[in-house]
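K.L.:
My request is simple: use the sequences and hints to build the entire structure.
Residue numbers (this note's numbering), protein chains in the order written: chain A, 1 to 157; chain B, 1 to 167; chain C, 1 to 380.
These are computed hints drawn from the structure, not numbers from a lab. Hints are supplied without guarantee of correctness; some may be wrong.
[Said to hold, decoys possible] Which residues of chain A face chain B? A partial, calculated answer using Cβ under 7 Å:
(1) LEU81
(2) PRO126
(3) PRO133
(4) VAL140
(5) TYR144
Please read these numbers as outputs of a predicted model, since none were measured by experiment. Where is the CB? At the ideal position from N, CA and C, for every residue including glycine.
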Amino acid sequence: MLDKSLIDSIKSISDSISFDEESQIFNIEKVDEWLEISTKVKELGFDYLMCITSIDLEDGNLSLAYNLNSTGSQASLEFNLIFSADAEVPSVESLWKTADWHEREAYDMMGIKFSGHPDMKRILLPHDWEGHPLKKDYEVADYYHGMYVPKDKTSWE
Amino acid sequence: MAELTLREKFDRDNFVVEKLDNLINWARAGSPWYFQFGLACCAIEMIGASMPRHDLERFGVFPRATPRQADVMIVAGTVTIKMAERVKRLYEQMSDPKYVISMGSCANSGGPYWQHGYHVLKGVDLVVPVDVYVPGCPPRPEALIQGILELQKHIHTESTFGRPKNA
Amino acid sequence: MSDSKLIDNSNIHTEDMVLNMGPQHPSTHGVLRLKIHTDGEVVSKIEPIIGYLHRCFEKHSENLTYEQVIPFTDRCDYLSSMHMTHAYSMAVEKMLDLEIPERVEYIRVITAELQRIASHVFFIGVFGLDLGAITPVTWMFKDRERIIDLFEMLTGARLLYNYVWPGGVSHDIPEKFVQRTKEFLDEFEPKLVEIDQLLSTNKIFIERTADVGVLDKDIAINYGVSGPTLRASGVDFDLRKKEPYSIYDKLDFEVPVGKGDMGTVGDSWDRYNVRYLEIKESIKILRQCLDSIPEGDVHEALPRKIRPKKGTIYSRYESSRGDVGFYIKSDGKNIPSRVKMRSPAFSNLCILPYLSEGWMISDVITILGSLDIVLGEIDR
Numbered sequence: 001m002l003d004k005s006l007i008d009s010i011k012s013i014s015d016s017i018s019f020d021e022e023s024q025i026f027n028i029e030k031v032d033e034w035l036e037i038s039t040k041v042k043e044l045g046f047d048y049l050m051c052i053t054s055i056d057l058e059d060g061n062l063s064l065a066y067n068l069n070s071t072g073s074q075a076s077l078e079f080n081l082i083f084s085a086d087a088e089v090p091s092v093e094s095l096w097k098t099a100d101w102h103e104r105e106a107y108d109m110m111g112i113k114f115s116g117h118p119d120m121k122r123i124l125l126p127h128d129w130e131g132h133p134l135k136k137d138y139e140v141a142d143y144y145h146g147m148y149v150p151k152d153k154t155s156w157e
Numbered sequence: 001m002a003e004l005t006l007r008e009k010f011d012r013d014n015f016v017v018e019k020l021d022n023l024i025n026w027a028r029a030g031s032p033w034y035f036q037f038g039l040a041c042c043a044i045e046m047i048g049a050s051m052p053r054h055d056l057e058r059f060g061v062f063p064r065a066t067p068r069q070a071d072v073m074i075v076a077g078t079v080t081i082k083m084a085e086r087v088k089r090l091y092e093q094m095s096d097p098k099y100v101i102s103m104g105s106c107a108n109s110g111g112p113y114w115q116h117g118y119h120v121l122k123g124v125d126l127v128v129p130v131d132v133y134v135p136g137c138p139p140r141p142e143a144l145i146q147g148i149l150e151l152q153k154h155i156h157t158e159s160t161f162g163r164p165k166n167a
Numbered sequence: 001m002s003d004s005k006l007i008d009n010s011n012i013h014t015e016d017m018v019l020n021m022g023p024q025h026p027s028t029h030g031v032l033r034l035k036i037h038t039d040g041e042v043v044s045k046i047e048p049i050i051g052y053l054h055r056c057f058e059k060h061s062e063n064l065t066y067e068q069v070i071p072f073t074d075r076c077d078y079l080s081s082m083h084m085t086h087a088y089s090m091a092v093e094k095m096l097d098l099e100i101p102e103r104v105e106y107i108r109v110i111t112a113e114l115q116r117i118a119s120h121v122f123f124i125g126v127f128g129l130d131l132g133a134i135t136p137v138t139w140m141f142k143d144r145e146r147i148i149d150l151f152e153m154l155t156g157a158r159l160l161y162n163y164v165w166p167g168g169v170s171h172d173i174p175e176k177f178v179q180r181t182k183e184f185l186d187e188f189e190p191k192l193v194e195i196d197q198l199l200s201t202n203k204i205f206i207e208r209t210a211d212v213g214v215l216d217k218d219i220a221i222n223y224g225v226s227g228p229t230l231r232a233s234g235v236d237f238d239l240r241k242k243e244p245y246s247i248y249d250k251l252d253f254e255v256p257v258g259k260g261d262m263g264t265v266g267d268s269w270d271r272y273n274v275r276y277l278e279i280k281e282s283i284k285i286l287r288q289c290l291d292s293i294p295e296g297d298v299h300e301a302l303p304r305k306i307r308p309k310k311g312t313i314y315s316r317y318e319s320s321r322g323d324v325g326f327y328i329k330s331d332g333k334n335i336p337s338r339v340k341m342r343s344p345a346f347s348n349l350c351i352l353p354y355l356s357e358g359w360m361i362s363d364v365i366t367i368l369g370s371l372d373i374v375l376g377e378i379d380r
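P.N.:
The structure is reproduced here in structure tokens:
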């Protein structure tokens, strides 16, 4: 469980931050303020960005989960951003260099656009692949450069 | 008189009369140098097969890093779509006669990733012609050794100058 | 960069060359492609390109039940598969609030530490092979085969075990397992001295690794580096001590930290030495556990159906490469809605471009080898 003073100091950074007691997660409504919020959070001592997860909420919105940790006090935080599929999220690469590759992977797999990233291109799939695979409504194409990529085994027995 | 093997003939006499095909096959099968193409987990078992316990070198098999000096390409591991074009290009850079051993179930037919793997090639035989399939996930080093012995048997049936024996 | 007085380099015009260390290369530890911009032999910029082993682990985990995902976690980091399944099982158990019997915890720690020894032993052999030393790899594989024999006695498989399940383990330990493990440890411990003589104090090895690729600790934390690579830079951070899970809080062991014995703190020799010392600590942990395994039934806490409540969880674990994280989101069904695996080698590889600026191409091989990456885990 997180310390009460820590929760209060984070909530005082901006009005768009809300804290959920049961799951201990901070939710952020306005995505444009994310860069300022994360700068202040880093000043509180959270210098280690562990993981960025991209999630497809199936009602047309996407979400990003940031897991942060402080090497000094061993406290761990989770921030949840929810936004529509065509919104742009500010990149935190200038604060934590590890976000560089994590954000490229979020773009590659889920199609989330980041603004202010130095080198935004696909990282795991070939550069001319079409579509973003981890979306729930993804349909894989039949052929890629002449190679057959079947969707399931029945058509190719 | 029973047919003597080439080795026994060499041991017995000073000069030997033999078909050219048999001599060439004997030389080729005795030293298949492989092209290290370890991609994933099967590569660890392939490396383990050439280590002291399972010693592949006693069969004349020796790893080479470049396709120009190799006879056999052992494709060990999952072939993804991004990698498949490179597999084809490296196969074309090997000089004849060349053989391919497909090791592991991922290279045989897509392996455990056959159902939802949008980026996995379901079998390396969609891009290169394969001679021997070694099943397993991952196959034991003894299974790989059996695969190489099968390849040697296959090489002995080849014919460079005359008609193939099984035709 | 040459300071020879015989040749006057001031009028020579050179251009940058782009060298491709392609996906197929004997020393890139898997299918990694490096685009190296060099001026002669000196590197100015490196661009790693990954994705040649992307096997769609996350898409598979959205279509299979929680138990069916376990063989896929095995295959992510195939050199520490016990750690991966243990990390995933811990995450699922936290979501279900399960109580694990003591016997299961002891067995899990024994397999985890044996796996750590096997992975570090593999690293030492292959690191020597990268630098040109062929003997250590043959000696190390001989010992690794003994560990694989123990695992085969326990689980039936050599490399990918599918052993640690949420709620327990798949098989109980057979009769002679404890005795054979103790015999193995008694024979293996003196052999570590041979490695010291072959590699650690070898003049050529020291010249090639000391002071090469020095990683400062603040930069390491900013880049998200974890595991032995971070500890070699002087940061005392091991999840088994800072956030203890399982029975690690009852065990007595130390965390080796890089001290710069042969050069600067955080160079490649330190990254090698930290892993060598960790093998010794793992042997200490194993000896404590083998003597005190409690009795019990390993299958009593296995759940009939895994159907967690709605919610998310992020759980961390210390594997032989670093800090593995699993982020699991559940919708109340028996199929996870999203599983994300945070792999330590993915973040460790990010510092390769930063570390190798200004070094030569053969030093790039040293630095890449000392980071100890496994591509299956990076590309998932």
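K.L.:
With a cut-off of 7 Å on the beta carbons, see whether PRO133 (chain A) makes it to chain B.
P.N.:
holds (6 Å)
K.L.:
Taking the closest Cβ pair, is LEU81 (chain A) under 7 Å from chain B?
P.N.:
violated (27 Å)
K.L.:
Holds or violated: the hint that VAL140 (chain A) contacts chain B, with Cβ atoms closer than 7 Å.
P.N.:
holds (4 Å)
K.L.:
Hold the hint about PRO126 (chain A) up to the distance rule: shortest CB distance to chain B must be less than 7 Å.
P.N.:
holds (5 Å)
K.L.:
Hey, does the TYR144 (chain A) contact hint survive, CB to chain B under 7 Å?
P.N.:
holds (6 Å)
Violated hint for the displayed structure: number 1, the only one.
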